[in-house]
Amino acid sequence: MISRRTLLQSGTAALLANSVGRSIAAEPTGEPIYLGVSGPLTGPNAQYGAQWKQGFDLALDQINGSGGIKGRPLRYIFEDTQSDPKQTVAVAQKFVADKRIVAELGDFASPASMAASPIYQRAGLVQFGFTNSHPAFTKPGDFIWSNSVSQADEQPLNATYVVNKLGFKRIAVLYLNTDWGRTSKDHFAAKAKELGAEVVASEGYQPDEKDFRSTLVRVRDAKPDGLFLVSYYADGALIVRQARQTGVTVPIAASSSIYSPKFIELGAEASEGVFTNARFFPEDPRPEVQSFVTTFQAKYGKEPDAFNAYAYDTVVLFGQVLREAPNLDRTTIRDTLARVKDVPSVVYGKATFDPQTRRVLGAQSAQLVVRNGRFTLWDGVKTN
Amino acid sequence: MTSWFDHTINGLIIGNIYGLLAVGLALIFGVSRLINFAHGSVYVVGAYVGWVAVSVLHTPFPVTLALVVILAALLGIAIERFGIRPLAGAPRIAPLLATIGLSFVLDQTVQILFSPDPRSVPMQLPNWRLEIGGGSIGMLDLLIGGIGITAAGALFAFLKLTKWGWAVRATALDRDAARVVGVDVDQVNRIVFAIAAALGGVGGVLVGMYYNVITPTMGFEATLKGIVAEVVGGVGNVPGAIVGSLLLGIIESYGVALLGTSYRNLFAFLLLIAILVLRPNGLFASRHQLPPEPMTGTFIAPSKPIGLPVPLLAALAAFAIALPLLIDNGYLIQTLTNAWLYALLGLSLTLVAGTSGQVSLGHAALLAIGGYTSALLAADYGFPVWLTIIAGGLMAAGLGTLLVSPAFRLRGHYVSIATLGIGEIVALVILNWESVTHGPIGVAGIPPLEFFGRPLYDTNAIYWVAFAIMLALALLQVRLLSSHLGRTMRAVRDDDVAARSFGISLNRYKGLAFAFGGFVAGISGAFTAHMYSFINHETFNTHISVLALTIAILGGMGNVGGAILGAVALIGLPEVFRIAAEYRILLYGIALLLLVRFRPQGLLGTV
Amino acid sequence: MNAPVNASPITTAPLLEATGLVRRFGGVTAVGGIDLSVFEGELVSVIGPNGAGKTTAFNLISGLDKPDAGAIRFAGANIAGRSPEGIAAAGIARTFQHGRVFANLSIADNVLIGAHGRLRAVRPDWPIIGPLAELALALVRPASVRAEEATLRDEVSEILSLFGDRLLPRIDQPAHSLSYANRRRVEIARALAARPRLLLLDEPTAGMNPTETAEMLEIIASLKARGQTILLIEHKLDMVMRLSDRVIVLDDGRKIAEGKPQAVRTDPAVIEAYLGHGNIGAAAPAGNAATAAPTLPVTA
Ligand SMILES: Nc1ncnc2c1ncn2[C@@H]1O[C@H](COP(=O)(O)OP(=O)(O)O)[C@@H](O)[C@H]1O
Ligand SMILES: [Mg+2]
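Chains A, B and C supply the protein sequences, listed in that same order. With the first letter of the first sequence counted as 1, position 61 gets the number 74 in this note's numbering; the numbers rise by one all the way through. With the first letter of the second sequence counted as 1, position 251 gets the number 1419 in this note's numbering; the numbers rise by one all the way through. With the first letter of the third sequence counted as 1, position 70 gets the number 1302 in this note's numbering; the numbers rise by one all the way through.
Hints listed in this document are in silico derivations from the structure and should not be mistaken for laboratory results. Accuracy of the hints is not assured; some may be wrong.
On the chain C side, residues computed to face chain B include the following (Cβ under 7 Å) [unchecked claim]: (1) T1251; (2) G1313; (3) E1317; (4) A1335; (5) D1341; (6) I1345; (7) G1346; (8) H1348; (9) V1354; (10) L1371.
The beta carbon of each residue, even a glycine, is placed where N, CA and C say it ideally should be.
Just chain A, with the same shape it has in the complex:
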């Protein structure tokens, strides 16, 4: 019942937000500074682009509301690529040729983002992937950066949570069979083994999969005492629903990527009791989190999810980089990325880049469990 109402509200709020976003009153004047965004607004991943926009717009409201960058407003130019490589390379050329653009954000999926990397690297425009966890993403060169949480960082936290805290000993892993899911699963399994648990089944599924019953029966036959999902919220919700239908009764935990109010909406009662290790949690008392969550809720009438948070964090980060940069040359932006320290971050708490890997280290996480249709902090009760 709750879900229905929030949905409608979110629909209207999004409409309102659109019209409001364009008429922010207290904007600094002056020539705007532009970030280029390459991402999906149509096609199968369009929902993520839409979520990005919400996070971006919120961060821009705050940056521009407090004087912008050196008296100039910060804006973004969002080019839809459908997360299709042949479009990301064209958009990359567009961005590198557009002198107003100081850095590029995106794209969403690895094949699309990484196809464009040689162009950005060659042209000397920072490509900043904030959802790109592919282990090789930043490898093409010194202009390719990412604040996407490295799975080498995140998954050990998950493994520690489920093995040490929740007490899983025989774990079945279901993972999205993409570069991200696969890398995550490998890191998770390695750490879980190190902690003395056994991975009794591991099943990779395709992104457009809807039916998991057979997979779950297979998993059930491996007699696990806990299920771990490396999933996004939509597929995660499908899995938890079907798990209960196929008689899989063991506790379920999932990586932070399922963190979204939508997970609970889509998973309905089956989402009860699912554990996760979210990178941010609305009830986290840290000020950056609280300001994000409350302003987000005020603007869109719904709780933010992980993708909203990454997008927001990224623009906030660039706000700081641009403020600190001595000038707006593209190379200076790159150098400043290496220099910025402890940028307030919803995901990291304080974000600092390792100039060697051009990634942020040290993801934080909050240990959560779904109770009464909400994500709440885990109460410390073991399952096994």
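Since the structure of chain A is provided, determine the placement of chains B and C with the ligands on it from the hints.
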């Protein structure tokens, strides 16, 4: 194992769901000989109508269903009236393209109206569950099964017992003859589309409730599985579609049980190919049957190709070469580079589908084979890039031909369905064959293109090399077409029976068409891989196969200049529509529909 | 005028000899045990009412269909069940009752397809790499290949000149733009380009008016005069009478008579069959325009 019972039940449950779509697809194919790619979109529309009914209007379940049935049926009628019927006299491939265009338009409209976010469709039935085996099934499972079987039964009765059913069957058997004996074929089509769409719409809402999630993009995958199920049951055979769906579900379920989840679709598509090769009329066809499509010159209607004068072509080529010097616009140059690479794909497909009549819907697989061969040889084994690109072309030619060879014995739409399946199989093998392909991680750090040992980074330089390769292969293809092979392949396309009677071995010439086309596509895929520096199993996906076909049809089947023009148009259009942001794919779909409607033989005409 | 020019050496084995041919479609026995032979240089006609099984017999001989029983020997080899390509290579060419030209190919290309089996320079007879060599030769086109193609093109003009100026002026037009009668002519030209040892003609004059029919008769007669062995299905009985060395009459899948034209004509069984089924061939409505669709009351 004790779980086989559970796996069987699970297979039946998912098969149930496939059945809802397969029945409609079978009905439409039976009467119109059309693979309706818009069917999945009707399913999407049905799901969203259901969502509005449940979540906004708060209608009770029977009213929800009634609303969906009515609106989906109306949509079906509109599709038939405005999308399909105007193309009655057009090449037989045109309606196929029209349904693809329609599916773009419908999916995008839904996405714009309802946002791309997944939505939940609250179930309106009591959550009563029946324990069975180790799991349980719900009321909705039974309802879906019931609706599927009832629908198939009712349809069967309708077809066998009523006057309109007789008309539908007569039309399915022989459209022209039916018209002659006074059947109102248009009315029959309208009825068929209405029924199929209503079923598809109901499928959408039930499946939405079942999974508690609907998205505007869920149609494509659903169409694919529906088609597989339909073929298994015997194309155009309504009760067969139900059995085919259940069988498909069970096979998939057993596939998962035996080898794991990532093999599910591999099983589905291998089943498809096995059925097509062993029993092309479906499992339930009697042994001694006429060839599935006895008509000749199936897809290509006579048309007068537009001959472009050689000086004009030379001037255009000169302009294309000079372009980077005339304007400094990396974006335009990159877009055109993409267009040249897709022109190669278009050339490949126009040879295979246009010249030789083998309408392939799995052409992206050739790109993938070429791309992976070149990328792996260069990145993992350090061969020089120019060599690996050629190796990519050769591998796509050889392996591609070998892989499609089981489809050589098929004709007409069956070739399309088989190649669609083969394309999926290639993608799934790439995903699963980790030791060689790196699986889902893909191939990163692919060395850049090179030109006589010098790495190529410069946008203009890449453009020129791409254009030169495209031009060279296009000229080679022109030369091929003017040789005896050109006429032989076209003879195979126009009438394979007559061709055989004159000593033309179909396998040999279809094979040569795929070999030459495979080389061209493989080069394109290899070049692309080095330009992108990273590829994985999703880089060359089914959507690219559909795009390739669109390019070939738009340009004019078999038409070399047409393939190039089609590629420029179809790669360029989405860029031109970029200002329209979220609306651009909608505009693209509409443009496609208009083109098919007013120039079904393609811009430059069929050769 | 219609006397056999080079009388067949009856003593040697026939060029084509089919024995006990059977083909059933579900409950229908289209061909129910037919024996049939053609000697070198002979013109044999097959007549019979619609549905008698004539076309089916042609399909069996040319390999498009496989017999359920029976043997077919051609030039000493058993060809029953061979592929149509194989049978074409052995030296049998045919036309189709309803016309199966390649609609989008020009007349010249249609006829050249007929000569496909005679391509040597561009289709080397090598195992395994043969197809690839063919591709390479087609693209490179060395002198030998060009010469072969040129020779064949000359020959095409020659064959087309058989039909006067019916086809020659349209040599580069696509076949779909031709009149029905012209398409039938193209089919015959295509079959001739194969230089077959045995030519199967399935109702070559269907849909033609009397003038065109008379022209066709002359053409077939001249082929026969050149020594071409022909198996002819024809409904127009006066044509059959004038051309044939021998006539075979089928009814309901069975051979009901065989012999010299005159003998067959007066055979009571034949008359009975024709009367029983309505007199189809001789009294066919004539005078339909050359462009008209096949309007004879003939169905497959
Ligand atoms: N492919 C087929 N499938 C089913 N029945 C056929 C087929 N071809 C021919 N027949 C049937 O076989 C019989 C003989 O047909 P055909 O050989 O075409 O006769 P003809 O050429 O002497 O007029 C007819 O009854 C016809 O309906
Ligand atoms: Mg006949």
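Hints breached by this structure = Numbers 1, 2, in rising order.
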